[in-house]
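Asks: Residues per chain, in single letters:
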Amino acid sequence: MGQTLFDKVWDAHVVETIKDGPQVLYIDKHLIHEVTSPQAFNELEERNIPVFRPKQIVATADHNTPTQNQHLPVKDLLSRNQLEQLSENCKKNNITLYQLGHQYNGIVHVMAPELGITQPGMTMVCGDSHTSTHGAFGTIAFGIGTSQVAQVFASQCLLLTKPKSLRVTVNGKLKNGVLPKDVILYIIAKLGTNSGTGYFCEYAGDVFENMSMEGRMTVCNMSIEMGARGGMIAPDQTTFDYVKDKEFAPKGDAFDKKVAYWKTLPTDADAVFDKEYAFDAEDIEPMVTYGTNPGMGIKVTENIPTIDDASFEKSLQYMDFKKGESLINKPINYVFIGSCTNSRIEDFRVAANYIKGKQKADNVTAWLVPGSKQVEAQIIKEGLKDVFDAAGFELRQPGCSACLAMNDDKIPQGEYCVSTSNRNFEGRQGQGSRTILASPLVAAATAIEGKIVDITKQLN
Amino acid sequence: MEKFTTLQSQAIPLAIENIDTDQIIPARFLKATDRKGFGDNLFKDWRFNKDDSVNESFSLNNPKYSGSILVAGDNFGCGSSREHAAWALSDYGFKVIVSSFFADIFKGNALNNGLLPVQVSAEFLKVLLDVTTENPETILQVNLEEQIISVKGTSFKEAFDIDAYKKTCMINGYDDIDYLLSKKETISAFEAKKTY
Ligand code: SF4
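These protein sequence lines are chains G and V, in that order. Heads up, the first sequence is in my numbering, so the first residue is 1 and it goes up one at a time. Heads up, the second sequence is in my numbering, so the first residue is 1001 and it goes up one at a time.
Looking at chain V on its own, in the form it has when it is part of the complex:
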C-alpha cells in the first residue's frame, strides 16, 4: 500500500447524496479478476450518456475541475460491499474522498487501499462544495498527521477523525495482513481454547 501523509490538490465537487457503489462502479464491470483498470468505468452511467457520448454536465467531465480530491454529498459509498468501488476511485486518480458521512464497508475498503475518507461536518461540507464549485482553482490541503483539512489561503479548516491504528497504517503504508500474520501463534492458541 502507498504511504499517505499530506496532500495539496484541487478538488472535484459532486454534490449528490447517497452515492451508492452501484453508481461508483456498475455491476456489469465487476467481471475482471485483477484490481487494475476500474478507473475507466468509474461513475460510468453518470459520466456517459445512454448513447455513450460524454455527459458534459457531469462534474468529472467538466474541464474546469481537476485534482485528486473528490468532495461528495452525504452518505457516500452505501450499498454493495464491492471493493471495486475503492479501486475505481483510486485508479481514476483520487487519493482523498470528502463527505459528511461514509458507509461502513466503503470506508474500510478505502482505508485498506490507501484512499483516505475524510469525514467533515455537514456545514463544512457545504463550504467545501461551494468554494470548489465557484472557484475550481481552490486548493484543499489534507494533513493526516494533524488530522486537519483546510482551504488554502483562507481560514476555513476542520479537524477530522480517524482510527489511530488505521492512521498508523496509512502513514507507514502497512496493511492489516502484515499485522495479522504476525499474530498467527496467538490465533492458533485461541482456536485450541475456544469456549463456544
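With the rest of the complex left out, here is chain G:
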C-alpha cells in the first residue's frame, strides 16, 4: 500500500518506537517566542540540563510586542520583562534571536518561511498552535506546550503517538473574490471545530495546487481551528521556487539534491487515509463568522442558522446577533488586517488593490499590521503604504497585535472587529470584544463601507 506525504515525513523522523507506547520523533527546527519559552528555560536550568542542539532553534519576539514606536523601550513592564528574558535565555544558550527591530523580526510563522528556515520534508515545532502554518511546504509542523518546549530543548525530540490521517480535497475553480481564507473558513464551517482532533490533515486538489505559497500558508494556518494538529500540502514547483534563494535555504547542488528528495514526498496514488472529505470550489463564497468559534461561519450572503442549543445561544448572545439574521449592513467600527493567517505581502496587495482610490469610512479604525519587518519593507517598496495612507488606513509595525491583544492593540468592550486573524473566541481581541473573521478583501471592503457588505455584488 502506498504512503501519504505525512507518513513519509513522519517515518523518516522516528528515532525509536516504545512498545505499547509513543514514538520518539526527531525535530529538525524548533521556533520559540517570548510567551511560551521562559518556563521551559527555567525548567532546564532548575534540572541542570543543557540545551542539546541550539543551532536548530530560532527565536523571535512577536506576541506581546508593541506595533508603534518599536525603537523605544517597551512600556508595559511585564512584556518588557518577558522580552528581556528571551534575549538573556538566547544569549546564554547560543540561540539565534531576531529581536524587536531586527530586519528579520516578525510573527514566528511569517518570518521563518520567508527566511527559508521552513523547508519541505522537515519536522518543525513551536510553542504556538498555529505552527501548522509551515505545513504549506509539505512540512510536519505543529504546536506544542511549554513542557514539550523543554523536552525539545533537552533532546531535540518529542514523545508522540502518530496521529491519524485525514484528507480534504477541493477541486474546481474558485469564484472571483474568493480567497484562500474563504476556502479554509468554508471547510471549518462544514466540518466543525473538532472534526480534525487526533488527525493530521492533507489538503489536496487543484484549488491548493493553484494556490500561491502565501495562500497555502493561510489554509494550513487554520488547520488547528478544526482540531487537527497540523495541515500539509504536497511540495511542488511553486514550493521549490518559493524556497529557492531564501536566506537559509540550501544553495546550488545542495538545493538540487534536496529538490530531488522533496519530489518523492507527495502522497502515493494508492495511499489510504483514515478519513476523507471532498468539496467543490464553485460552492465556496466569501465567508464571515458570526459566533465565538471559527466553525461558526457562513457565506456573507447567508443568514445565521437557527439552532436550538444552549452553547450556540450563549455564543450569539455574546456577539449580540440573532438567529436567522443576515450580517449584511451591520455597522463595524474596527477592522484588523494582520496575524499569521493574513499578514503576508499578498494579503496587503489584495487589500491595497481594493482600497486604491477609495476612502475609509469615518466610523472605522483600521489597523494594518504586517507579519514581519520584511513584509513591512515590501509594502513600502511596492508603494502600498501610499495607498493605505491616502485612504486613511494606519500601517503599524509587525507583530501579533490585535490577534490576541497582549499588547496595546485591543478592540474595546462590545465593539465588533472584522479581522483577518484566526480566532473569534470571547475576548480574544480584548475583553468583551466581538470578532468577525474574514478574508483581507472582505476586511478591506468593510473598512471602506463602515459596515459588512455583499462583496460578491461589487465583484461580478
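Honestly, the hints are just simulated from the structure, not real lab data. All values reported here derive from a predicted model rather than from experimental measurement. We put the CB at the ideal spot given by N, CA and C, even for glycine. Watch out, some of these pointers could steer you wrong.
Claimed, not checked - EDC-like mimics (lysine to aspartate or glutamate), calculated; alpha carbons at most 16 Å apart, straight line:
{"hint": "1", "chain 1": "V", "residue 1": "K1194", "chain 2": "G", "residue 2": "D11"}
{"hint": "2", "chain 1": "V", "residue 1": "K1036", "chain 2": "G", "residue 2": "E46"}
{"hint": "3", "chain 1": "V", "residue 1": "K1184", "chain 2": "G", "residue 2": "E16"}
{"hint": "4", "chain 1": "G", "residue 1": "K164", "chain 2": "G", "residue 2": "E276"}
{"hint": "5", "chain 1": "G", "residue 1": "K314", "chain 2": "V", "residue 2": "D1045"}
{"hint": "6", "chain 1": "V", "residue 1": "K1183", "chain 2": "G", "residue 2": "E16"}
{"hint": "7", "chain 1": "V", "residue 1": "K1050", "chain 2": "G", "residue 2": "E415"}
{"hint": "8", "chain 1": "V", "residue 1": "K1166", "chain 2": "G", "residue 2": "D20"}
{"hint": "9", "chain 1": "V", "residue 1": "K1167", "chain 2": "G", "residue 2": "E88"}
{"hint": "10", "chain 1": "V", "residue 1": "K1126", "chain 2": "G", "residue 2": "D309"}
{"hint": "11", "chain 1": "G", "residue 1": "K314", "chain 2": "V", "residue 2": "D1074"}
{"hint": "12", "chain 1": "V", "residue 1": "K1194", "chain 2": "G", "residue 2": "E16"}
{"hint": "13", "chain 1": "G", "residue 1": "K162", "chain 2": "V", "residue 2": "D1163"}
{"hint": "14", "chain 1": "V", "residue 1": "K1193", "chain 2": "G", "residue 2": "D308"}
{"hint": "15", "chain 1": "V", "residue 1": "K1031", "chain 2": "G", "residue 2": "D76"}
{"hint": "16", "chain 1": "V", "residue 1": "K1031", "chain 2": "G", "residue 2": "E84"}
{"hint": "17", "chain 1": "G", "residue 1": "K55", "chain 2": "V", "residue 2": "E1191"}
{"hint": "18", "chain 1": "V", "residue 1": "K1031", "chain 2": "G", "residue 2": "D408"}
{"hint": "19", "chain 1": "V", "residue 1": "K1193", "chain 2": "G", "residue 2": "E16"}
{"hint": "20", "chain 1": "G", "residue 1": "K19", "chain 2": "V", "residue 2": "D1163"}
Unchecked claim - Rough simulated footprint, nothing fancy, chain G against chain V, three-plus residues with beta-carbon under 8 Å:
{"hint": "21", "stretch": "1022-1030"}
{"hint": "22", "stretch": "1177-1186"}
With chain G's structure known, arrange chain V with the ligand on it following the hints.
Replies: Below, chain V with the ligand alone, put in the same frame as chain G:
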C-alpha cells in the same frame, strides 16, 4: 511531577461546550515567566463581571460546589496551545478534568503536568453533569490503575482510556524529559544516519 493513583472528591459542573484556552486563561495573563499563580486568573472573564465584581451565577463561584474535579462540556481545551491553561487549572486546585472530548494539545499539556483528563461518553458526561448539579455533595471516584470513574454510592461507572506510557508516567510521577534524556545516545546515532 506529582504522582496520581486514585482520587475521591466532590466535583464542579461546568456545562459549557467548546471551552477554549482563551477562556481558561485569557491572553492578558500570559506575561508571567514562571508557572505559579495562574489559578487566580482561571476563567477570569467568566468568574468576574465587567466591573470586577464576582459573577455569582458561575459554577466555580457557587458555594454549593467544591472539589478537585471539574466536569466540563464537550471539546474542552480547544484553541491556543498555551500550557498556562493546564497550570491555571492545577494551580486552582483541580486534579482531574472530565469531558466527553479533549483537544489534543490541551490533553498532552495536562498529562505533562499531572492533571488527569478523563474522557467519558456523551451519555455518561450527562449523568455526571446532572448528578453533580442536582446534588453537589456527590462524590466522584477516579481510579487510574483500573481506569474507572464512578459515582460513589451508586452503580454509575465507566471505564476510560489512557495511553499506557502516560499512565505509567502519571502513576510514578515521571515526565517525558527523564525518558528522553536516557535516549541521548540513540538520538545522536539517529542524527548521524539521517536519511533525508
Ligand atoms: S498572530 Fe495570533 S495566532 Fe499567529 S502566532 Fe501571533 S498570536 Fe498566535
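Asks: Are the hints correct? Go through all of them and say.
Replies: Checked hints:
With a CA separation close to 11 Å, the supplied pair V:K1194 and G:D11 stays within the 16 Å bound. Proposed proximity of V:K1036 and G:E46 is supported: the alpha carbons are some 15 Å apart, at most 16 Å. Proposed proximity of V:K1184 and G:E16 is supported: the alpha carbons are some 12 Å apart, at most 16 Å. Between G:K164 and G:E276, the direct Cα distance comes to roughly 11 Å. Compliance with the 16 Å bound is thereby established for this hinted pair.
Taking the CA atoms of G:K314 and V:D1045, the gap is about 14 Å. The hint holds against a cut of 16 Å. Between the alpha carbons of V:K1183 and G:E16 the distance comes to roughly 9 Å, so the proposed pair stays at or under 16 Å and holds. For the suggested pair V:K1050 and G:E415, the alpha carbons sit about 14 Å apart, so the restraint of at most 16 Å is met. Among the hinted pairs, V:K1166 with G:D20 is consistent with the structure: their alpha-carbon atoms are about 11 Å apart, no more than 16 Å.
Proposed proximity of V:K1167 and G:E88 is contradicted: the alpha carbons are some 36 Å apart, above 16 Å. Taken as a hint, the V:K1126 and G:D309 pair is honoured in the structure, with Cα atoms around 15 Å apart against an allowance of 16 Å. The hinted pair formed by G:K314 and V:D1074 meets the criterion: a straight-line CA distance of about 15 Å does not exceed 16 Å. With a C-alpha separation of about 13 Å, the suggested pair V:K1194 and G:E16 falls inside the 16 Å cut-off, and the hint holds.
At most 16 Å may separate the alpha-carbon atoms for a hinted pair to count; G:K162 and V:D1163 meet this at roughly 12 Å. For a cut-off of 16 Å, the pair hint linking V:K1193 to G:D308 is broken: about 58 Å separates their Cα positions. With a C-alpha separation of about 10 Å, the suggested pair V:K1031 and G:D76 falls inside the 16 Å cut-off, and the hint holds. Among the hinted pairs, V:K1031 with G:E84 is consistent with the structure: their alpha-carbon atoms are about 12 Å apart, no more than 16 Å.
At most 16 Å may separate the alpha-carbon atoms for a hinted pair to count; G:K55 and V:E1191 meet this at roughly 14 Å. A threshold of 16 Å between alpha carbons decides the hint, and for V:K1031 with G:D408 the separation of about 13 Å falls inside it, so the pair holds. Annotation: proposed proximity of V:K1193 to G:E16 holds, straight-line Cα distance about 13 Å (limit 16 Å). Our distance criterion of 16 Å between C-alpha atoms is met by G:K19 and V:D1163, whose separation comes to about 12 Å.
Coverage of the stretch 1022-1030 of chain V by chain G holds [criterion: at least 3 residues with CB-CB distance below 8 Å; count 6]. Coverage of the stretch 1177-1186 of chain V by chain G holds in this model, with 7 residues showing a Cβ closer than 8 Å to a Cβ of that chain against a need of three.
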